[in-house]
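Chemist: Sequence:
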Amino acid sequence: MWLQQDASHELVVQNTPENSLQPQKVLKGILPKPDAIAPMTDDFKQSIKGIAKSFASQSRFPATSMPIQSEEALQKYIPNQTVGASLPYEGPDGESLRFSLRTDKFRYFEDETIEIFVGLLGGNEPIEADIVVSVVADREELYRVAHGPLSLGAFKAAINTQEINTDNWPKELHLQAVAMINGETMQVVETIRFEAQIASVKSVGKGTVEDDYLVIPVAIDTDAKGYFRVTAVLFSEETGKPLVHLEGKSKISINNDTVNLKAQLRALQVSDDEGPYQLKHLWLEKMPGPPDYEMAYG
24 MWLQQDASHE
34 LVVQNTPENS
44 LQPQKVLKGI
54 LPKPDAIAPM
64 TDDFKQSIKG
74 IAKSFASQSR
84 FPATSMPIQS
94 EEALQKYIPN
104 QTVGASLPYE
114 GPDGESLRFS
124 LRTDKFRYFE
134 DETIEIFVGL
144 LGGNEPIEAD
154 IVVSVVADRE
164 ELYRVAHGPL
174 SLGAFKAAIN
184 TQEINTDNWP
194 KELHLQAVAM
204 INGETMQVVE
214 TIRFEAQIAS
224 VKSVGKGTVE
234 DDYLVIPVAI
244 DTDAKGYFRV
254 TAVLFSEETG
264 KPLVHLEGKS
274 KISINNDTVN
284 LKAQLRALQV
294 SDDEGPYQLK
304 HLWLEKMPGP
314 PDYEMAYG
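Using the working numbering, read the sequence shown as starting at 24 and increasing by one per residue.
Treat the hints with care, as some may be off.
Stated by the list, open to error - With a cut-off of at most 27 angstroms between alpha-carbon atoms, the simulated DSS-like pairs for lysine-lysine come out as follows:
hint	residue 1	residue 2
1	Lys248	Lys225
2	Lys179	Lys128
3	Lys179	Lys274
Source of the hints: derived by calculation from the structure; they are not laboratory data.
Sequences and hints are given; from them, build the entire structure.
Modeler: Next up, the structure:
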């Protein structure tokens, strides 16, 4: 959007032949008064204070050791999540329905099982729909996952990639669900990644306290060399609650297969939990490097 600037007020100089050598009088333009500023409400002030307080609290901790104090915060740190896809649909009696498709994660590795959930939800009356679920790439069906009727509700389908030929599957795939409902066609699509796994966790060592940190060594099993980033969530073994999000990075080589995760002791004190702990949601990323400079995962 273009904003047109108001014409500036001209400075008018009175200059006649009779007084051209005399000091001149300048007539100043009258500037408009600024618009009134709306006062901040108490709710708005409290909201700003809350944001500032939260920022100040979080800034006390390094990004590699961040306390988790809510379910919302935990969701932020769980890797490889999927969004899913859905479409609203009006039933024969005007009721609101929703046709949906989602997977249990976004990135799958070769030989893993791909789980697919398809739903037709809403309304009270049974509605019959004919459903086709397929794996698609470049508008071509690579694999027919399921085909059959579906009433209101949901069903789960699975693709065991060890039992089918996936040699011609590209890294980016589309899972497509097509429903024929009362003569009307509906389609939802979700994108996933399907690729080789370049690394896995070999072992997690015993944590030791070094200076202000609890250091947890994570050994990686991989043939790839280069810088690896490891993320995880530290949970309380007793309560099952998430405590701290952890990140670590190290160069993996012939002489080193370990990335250390460092939980700041101050971050652990936020939850007042002295352990023992469990490490979950481990995720491995190989940082871009030669020859292809692409991210790889494990």
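Chemist: Would you check the hint for Lys179 and Lys128, treating anything up to 27 angstroms between C-alpha atoms as holding?
Modeler: Holds, because 14 angstroms separates the two Cα atoms, which is no more than 27 angstroms.
Chemist: Given the proposed pairing of Lys248 with Lys225, does the C-alpha separation stay at or below 27 angstroms?
Modeler: Holds: Lys248 and Lys225 sit about 15 angstroms apart, inside 27 angstroms.
Chemist: Keeping to a limit of 27 angstroms between CA atoms, is the pair of Lys179 and Lys274 held or broken?
Modeler: It is violated: about 41 angstroms lies between the C-alpha atoms, which goes past 27 angstroms.
In this structure, the one hint that does not hold is number 3.
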